[in-house]
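Chains as they are written, first to last, in this note's numbering: chain F, -18 to 321; chain W, -18 to 321.
To be clear, the hints were calculated from the coordinates, so they are not data collected in a lab.
Every clue listed holds true.
No distinction is drawn between identical chains; accordingly, a pair holds when it is met within one copy or between any pair of copies.
Here are the simulated DSS-like cross-link-like pairs (lysine-lysine), alpha carbons at most 27 angstroms apart as the crow flies:
| hint | residue 1 | residue 2 |
| --- | --- | --- |
| 1 | LYS16 | LYS127 |
| 2 | LYS122 | LYS187 |
| 3 | LYS1 | LYS16 |
Number of protein chains: 2
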Amino acid sequence: MGVVVPLGSKNETAKKASLKKLQSLVADDLSKVNKVIVDRMSSRVPLIPELAGHLVASGGKRLRPLMTLASAHMCGYSGERHIQLAACVEFIHTATLLHDDVVDESDLRRGNATANALWGNQASVLVGDFLFSRAFQLMVKDGSLKVLDILSTASAIIAEGEVLQLVTSNDTSTSEDAYLEVISNKTAALFSAACRIGAVVADRPKAEEEALESYGRNIGITFQLIDDVLDFSAKQATLGKTVGDDFSEGKITLPIILAFRRGDDEERSFWIRTLENLDQQEGDLEHAMGLLEKHGALEDTIERARHYGAKARDAIGFFPASEEQQALVDVIDFCIERAH
Amino acid sequence: MGVVVPLGSKNETAKKASLKKLQSLVADDLSKVNKVIVDRMSSRVPLIPELAGHLVASGGKRLRPLMTLASAHMCGYSGERHIQLAACVEFIHTATLLHDDVVDESDLRRGNATANALWGNQASVLVGDFLFSRAFQLMVKDGSLKVLDILSTASAIIAEGEVLQLVTSNDTSTSEDAYLEVISNKTAALFSAACRIGAVVADRPKAEEEALESYGRNIGITFQLIDDVLDFSAKQATLGKTVGDDFSEGKITLPIILAFRRGDDEERSFWIRTLENLDQQEGDLEHAMGLLEKHGALEDTIERARHYGAKARDAIGFFPASEEQQALVDVIDFCIERAH
Chain F
-18 MGVVVPLGSK NETAKKASLK KLQSLVADDL SKVNKVIVDR MSSRVPLIPE LAGHLVASGG
42 KRLRPLMTLA SAHMCGYSGE RHIQLAACVE FIHTATLLHD DVVDESDLRR GNATANALWG
102 NQASVLVGDF LFSRAFQLMV KDGSLKVLDI LSTASAIIAE GEVLQLVTSN DTSTSEDAYL
162 EVISNKTAAL FSAACRIGAV VADRPKAEEE ALESYGRNIG ITFQLIDDVL DFSAKQATLG
222 KTVGDDFSEG KITLPIILAF RRGDDEERSF WIRTLENLDQ QEGDLEHAMG LLEKHGALED
282 TIERARHYGA KARDAIGFFP ASEEQQALVD VIDFCIERAH
Chain W
-18 MGVVVPLGSK NETAKKASLK KLQSLVADDL SKVNKVIVDR MSSRVPLIPE LAGHLVASGG
42 KRLRPLMTLA SAHMCGYSGE RHIQLAACVE FIHTATLLHD DVVDESDLRR GNATANALWG
102 NQASVLVGDF LFSRAFQLMV KDGSLKVLDI LSTASAIIAE GEVLQLVTSN DTSTSEDAYL
162 EVISNKTAAL FSAACRIGAV VADRPKAEEE ALESYGRNIG ITFQLIDDVL DFSAKQATLG
222 KTVGDDFSEG KITLPIILAF RRGDDEERSF WIRTLENLDQ QEGDLEHAMG LLEKHGALED
282 TIERARHYGA KARDAIGFFP ASEEQQALVD VIDFCIERAH
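Just need the whole structure built from these sequences, with the hints factored in.
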């Protein structure tokens, strides 16, 4: 890996601080969520908690359940339903990750060997199914058909988005809008559902539900775009993840879409060879990163992310100022600053 | 394939007749179910209905939804809820099949190329997730938390059973009871849920729910045991399925468990080499089938299946005589006679 793309100089402390406020505000709730997760992962088949626990315990930020908790608090909710529902959200997320890693044939996630690398694809598919079913059992226990509707619809949208991504995965002619549709579905749908159910449990008016839904959708897009940038950035290596995974799989993400559209014929031939034909050689990743830099594709992807971050900020501006509101605004900065 | 195991001489006509009664009793409902299935499989991502339709249209018997329909009728239900719920049951079943074929690396199902063989494992995993989510959306639309509870619990049990089977899949020391636990979970749980919701929509007393639950569980076990027999039988070839799939995957099914326990040291070494070490050579399948015949393992597996069939028959005997009741009894014979 010869090319290092400078993405800025913000320091680690600033980044970590922006999620810490959220974490400390809902710390008690989060430990209850973790307890529900551990309890409900259990099974008389030991492989299930073993495999699921590997992923659940492997340094995930619990970003989505944190957002459910904070949204509920911001909406003035004082009961306990958000605890179980935050655990549901994390189960759906974990099930998705397990299936994603099988689909992507990934070996590393968050710097750890993936479940499929350790236990095989078969176990990952089935334990994903188990967690998904458990999520629905938890929702049924909660008893709200509205919440069930929101999360079952989100699950169907996520799966649709994943299939859409698979279908377009080696198509360099993918447009920015088509790509945004993919990530709105596969990533942003769960963020928006996670936030929206905060308003639902608090029984708030539709406008508040929609504000949280919009915040979640936009921060989800922000998050995914930065994830796409990180896949090509030196920062990634310090996170323990492999650089260039998306490239080696021929995944068409926004940085690629921008560089392809801004490139000349020779460059487009390169992208077609490496990403459509998956004919990759030594040095191709470095060349790709050089092209991304030449066209400012990573910087501009971050700019696009900032745009969605700004929309998320305005969406949540609908609520009166509170510590939770500020913490949710800070998450936007956290998402964007991950790139630096 | 040199060894043909004679399983009896019942003719085709008798077999087909026993499912036809059920099919004709609920024919109108079944065509409505098929319409719901087609409608709800649709997606703006064309691969989804294409892939799901391949499996849904590929000669499945719709056994589980038929049982939901007949159970509801038998319980005197005259509404429309059972239509959507029967479609749910088929979606859950189809999602399970898609994931199963990935896990088993199967190339053929019902004589057709499997979805994973045609579109790849990745698409099969994701479309399975989509169908599973769709099933839950349909249940939410139905609006009964009780039905949601029954089917989400069944889904978790199925996934648990699949993982359990994976864990024990090459273990020749698996006991008959341990194996029965696997198939009670992975196969019988959906049959029992499919039947039970017939009583739930009709708002019948708990005893009727439990009778249908028991009927479904026992016929599910019957069905799976006969499936295990068919995998080693010449009949299988006429159904377009590959003979010996379970053997080549090292799956430990009841015929193997019986032959292993009845065999001598040399035979056990053979089973361990072929099924635990998966060290298989030309002629091993024929030798395996010879051992199964020598120990009457297929015939006795059919006998065991008859035992569960008898339990299913008594369970449904709880209901007053009706055409639907008789049709559900006939399904038991249909399941067993598949072996012949």
